[in-house]
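Chemist: Line order of the protein sequences matches chains A and B. Taken in order, the first sequence gives residues 252 to 392; the numbers are from this note's numbering. Taken in order, the second sequence gives residues 133 to 489; the numbers are from this note's numbering.
These are calculated hints, taken from the structure and not from any lab test. It is possible that some hints are incorrect.
Derived contacts from chain A toward chain B, CB cut-off under 8 Å, selection only [claimed, not checked]: (1) 266; (2) 274; (3) 275.
Computed from a predicted structure; not experimentally measured. Glycine is no exception: its CB is placed at the ideal position from the N, C-alpha and C atoms.
The residues making up each chain are set out below.
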Amino acid sequence: MPQYQRPTVLLVDDDAATNYYNQRLLQRMQVSQEVLVASNADDALAVLNARCAHPETAECPTLILLDFNLPLRNGFEFLHAFTRLHPALPQAFVVVLLSALPLAPDLVEAQHLPVTAMLTKPLTAEAVNSLLHNYFAVAIP
Amino acid sequence: MKATPPIATCEVRFRSLFDNTPELILYQNEKATILDANPAFLALVAEPKDRVVDHSYNDFLPPAVQPLFAEKLQEAFTGKTVRFDMYAAQGQSAPRHWDVMKVPLWENGAVVGVHMVARDITEKVLAQQEVVAQNQDLQQFTYIVSHNLRAPLASALGLADLLGTEEPGSTYFEETRTHLLTSLHQLDRVLRDMNTILAIRDQKSLAEAEAVPLAEVVQQVVQNLQEALDQCGGTMRVAIPAGLSVRANRAYLYSIFFNLLSNALQYRADERPLEVTVTATGGEGQETRMTVADNGSGFDQEQAGDDVFKLYKRFHPHRPGRGLGLYLIKTHVESMGGHISVHSRVGEGTRFTIVIL
Chain A
252 MPQYQRPTVL LVDDDAATNY YNQRLLQRMQ VSQEVLVASN ADDALAVLNA
302 RCAHPETAEC PTLILLDFNL PLRNGFEFLH AFTRLHPALP QAFVVVLLSA
352 LPLAPDLVEA QHLPVTAMLT KPLTAEAVNS LLHNYFAVAI P
Chain B
133 MKATPPIATC EVRFRSLFDN TPELILYQNE KATILDANPA FLALVAEPKD
183 RVVDHSYNDF LPPAVQPLFA EKLQEAFTGK TVRFDMYAAQ GQSAPRHWDV
233 MKVPLWENGA VVGVHMVARD ITEKVLAQQE VVAQNQDLQQ FTYIVSHNLR
283 APLASALGLA DLLGTEEPGS TYFEETRTHL LTSLHQLDRV LRDMNTILAI
333 RDQKSLAEAE AVPLAEVVQQ VVQNLQEALD QCGGTMRVAI PAGLSVRANR
383 AYLYSIFFNL LSNALQYRAD ERPLEVTVTA TGGEGQETRM TVADNGSGFD
433 QEQAGDDVFK LYKRFHPHRP GRGLGLYLIK THVESMGGHI SVHSRVGEGT
483 RFTIVIL
């Protein structure tokens, strides 16, 4: 599903320091016109509901960097809620699951959720570049 | 050459074993009819011998395990000694774990009956289950701790890296540095939490139980929270019988009520003045049942599931808190051999119940 533009990004993490770091990293790499931040699953769902009636429009964040260990609803529960609300939509998104320590791949696969990639924190410029290259057909500088 | 003891002596020896062993011994025919039962079995099912002998063993077994016994009896009648574990009530007894052996009796080359010997292994099984549960607890604890250590560390690593690329003195530089410090403080806090938790766990066996006057401890907690309580216009009602004392560790008891009442303050509903009620019942030789009930914001119990008392789990994301309090409370309660449960409804309030024997 190559998408030929720099995507709007949604960061979902409850930790302010992590959000600041990720936001600043993406900003300096000029990955996107817009980086949105949600500190929990409900806020993130609200953002997607408000902006993604048509995922192909620029205002819809098609790159989601999702912290696994969220309060109340974890990353899986967020994705379950998301796919329930929009059964057809998740294919249009690149969902990257971020976690403090590597997650067991089979644990994630067993959930049958639209997880595109899994990364261990902290996010790096190299990892972001390869995401852009692989899923958004953006050339690596 | 030694002389074989006379039959009579053997009979006395085996009769003594049959009569005095705590294991259940039955002698059955192929149709599962009980032909003989020892006193241990009669005592367990609380029936006289004439209401046991010539009855089917099935009369004393719950339907769920009858097919298993039929199968094992058949197997023993083919000449094999069979052994199996099962969990079942017998007669009117409470369900127990049994290690069951069925031993065929041969006469003239044929199996004429089967002896069953059943040993009560309930305590052993329960102890084993506890070890398994504790192991799982520890594993989960390690998992949670490593994730909660790595999270601020990962953040700090990223921020330190970022700091090296920002212009010193710029707003970005200062903001990055501030976040870096926050992450390091978080890391420090997790390690301090570990210290607190390990200290409680270490003292588990040392938990000095004394008769602690409950009302006094709760009053002390209420006094220490009075200022915060007045500030939010809340009230606390304490209904604890004057003479009621609990066999417990005083410091733990204080910590439990301090944490529960602090939580009630912290997670009160903005729409109404806070009301908290602390009650206790019990007395000499009875279990002590304590409740702390508030009319606060409550939480979604279905969504929270088993996580309520787990380390670093939080249910009020928009209010400060670290997810340590309820975990510590549970650790304290359990180290005194007690049990804690919770009932909560969003917008109505939360009630904690603690039972200590």
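Chemist: If any of the earlier hints don't hold here, list their numbers in rising order.
Modeler: 2
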